[in-house]
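Single-letter residue listing:
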Amino acid sequence: MFQVKNKFIRQLFGSFMDLLPILVVIFVFQLVILRQPIPNIADIAVGTAFVVIGLTLFIQGLEKSLFPIGETMAYAFAKKGSLLWLLLFAFSLGFGTTAAEPALIAVADEAARIAAEGGMIEKTDSAKNDYAFGLRFTVAFSVGFAILLGVLRIIRGWPLHYLIIPGYIGVVVMTFFAPEAIIGIAYDSGGVTTSTITVPLVTALGVGLASAIRDRNPMTDGFGLIAFASLTPMIFVMAYGMIL
Amino acid sequence: MMLLNEVLSTLLSTLRDVAPIIFVIVFFQLVVIRRPFSHFKNLVIGMVYVVLGMTFFLVGLDKALFPLGTAMAEQLTRHDFINPTTDQSISIAWQDYYWVYIFGACIGFATTLAEPALIAVAIKAQQISGGTIKAWYLRLAVSLGVSVGIALGTYRIVTGIDLYVFIIAGYIVVIIQTIFSPKLIIGLAYDSGGVTTSTVTVPLVTALGIGLASSIPGRNPLMDGFGLIAFASLFPIMAVLAYAQFAEWINHRAQLKQQNQEGE
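First to last, the sequence lines map onto chains A and B. The opening position of the first sequence corresponds to residue 1 in this note's numbering, with each subsequent residue numbered one higher. The opening position of the second sequence corresponds to residue 245 in this note's numbering, with each subsequent residue numbered one higher.
It cannot be assumed that every hint is accurate.
Straight-line C-alpha distance at most 25 Å; calculated BS3-like pairs for lysine-lysine [to be verified]:
| id | chain 1 | residue 1 | chain 2 | residue 2 |
| --- | --- | --- | --- | --- |
| 1 | B | K378 | A | K64 |
| 2 | B | K285 | A | K79 |
| 3 | B | K378 | B | K427 |
| 4 | A | K7 | B | K378 |
| 5 | B | K501 | A | K64 |
Here's a subset of chain B near chain A, in silico, CB distances under 7 Å, partners left out [what the hints assert, rightly or not]:
| id | residue |
| --- | --- |
| 6 | G290 |
| 7 | A308 |
| 8 | I412 |
| 9 | L428 |
| 10 | S442 |
Note that these hints are calculated values from the structure, not bench results. Even for Gly, the Cβ is constructed at its ideal location relative to N, Cα and C.
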């Protein structure tokens, strides 16, 4: 085997290997099962090259910026020792990144359509817009709350599952009371809130905090922020559906 | 020319997504921590890489994979593909949708492997654990979880079983696994549920769900199309916990063997 010295080229190759399974699945299904030709081969080739370059740049940038930012800020806050500011930072980060999340905007609009069809709200555009905006605000608030709670957990050293399991029970209990139309959206909203840029930042923040505070293990205590951020929106969105 | 336009408009929307994050970071760094950024130049270069990377990634997906992927999801769920005979009186049973389950499983697995957020968490986990957790194995475990999750999720849409039945059952399994898992892995396992479904997986899986729900009589695409993401975020937790238990079991057996050999 030849040795590739250049890190960037090695990473390009790695990104291509990451993408290869998708290409294989799509080609096999298109040619063998659907028995149709592949349309726009040129577009697919250009697009694939773009994805590979994009993924490579993203991973390089990750180690240069998102990881160090999250970690150094965690250290700075730990050194400063002001819990209030740290919690405020955690909340802002969760709230700010979620409120503008495109996937969430799409889901909220979809949810407003369902609510209008189900007769939960009026079928006017302004009613739908209000509903979608309220939903987005609810989810953003719940993610802010989740990161805040997760940071507090790291500082206090509470075991993660002591909080997650009651959270699950909360989701189950809410399911029985929430209007049926909102359950699917609520469950899905947990998954769409955490974007590609937020995840590395928040992960680095948690791991950084756990390394900066004495008696905390970055492995057991550092992870878990994302878990909160995908759990609380389910509860809050079902609550939103019940109140409206 | 069109390509350039597409790149520019995606670049703008990526910048808009990043803006609130940068605003929060800069505000707290300057107003609260009150210290200039260390390695400022590196951070800026890194941020440019991230934004450009996301832009190319999204434009590329839009050009290459999403049109074909969504078209395939629609074709695979179409009535005449599931039931090629002209006799419409033959009703379709859930088994007839087997290609849909297989496609769901394959595409869920493949897209999760390429998910940038998961790659980020896996890199971090490998660094923190000092290499005990291999980034590649973690990604493989999560992808397998998503694959099972999507297959079951499409099965649920076909049969019309209530979503919460699966989710509650899933939670119970996760809680039981948590009790028996090595404590080190729990945080990572719970996190991996949230990171699986972002840029690549969501659009393809949503197309599959909505296509499926609109092709089956009696299903409302608006209501039954949802829920696949929930499956895709629940099953990776089980997969990662199972991976940890399996790794521990292997280690344990190896140790026992060694002890036995030393005893002889």
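How the hints compare with the structure:
{"no.": "1", "hint": "B/K378 / A/K64", "result": "21 Å, holds"}
{"no.": "2", "hint": "B/K285 / A/K79", "result": "24 Å, holds"}
{"no.": "3", "hint": "B/K378 / B/K427", "result": "17 Å, holds"}
{"no.": "4", "hint": "A/K7 / B/K378", "result": "20 Å, holds"}
{"no.": "5", "hint": "B/K501 / A/K64", "result": "44 Å, violated"}
{"no.": "6", "hint": "G290", "result": "3 Å, holds"}
{"no.": "7", "hint": "A308", "result": "3 Å, holds"}
{"no.": "8", "hint": "I412", "result": "5 Å, holds"}
{"no.": "9", "hint": "L428", "result": "5 Å, holds"}
{"no.": "10", "hint": "S442", "result": "5 Å, holds"}
Checked against the numbered hints given earlier, the structure breaks only hint 5 and satisfies all the rest.
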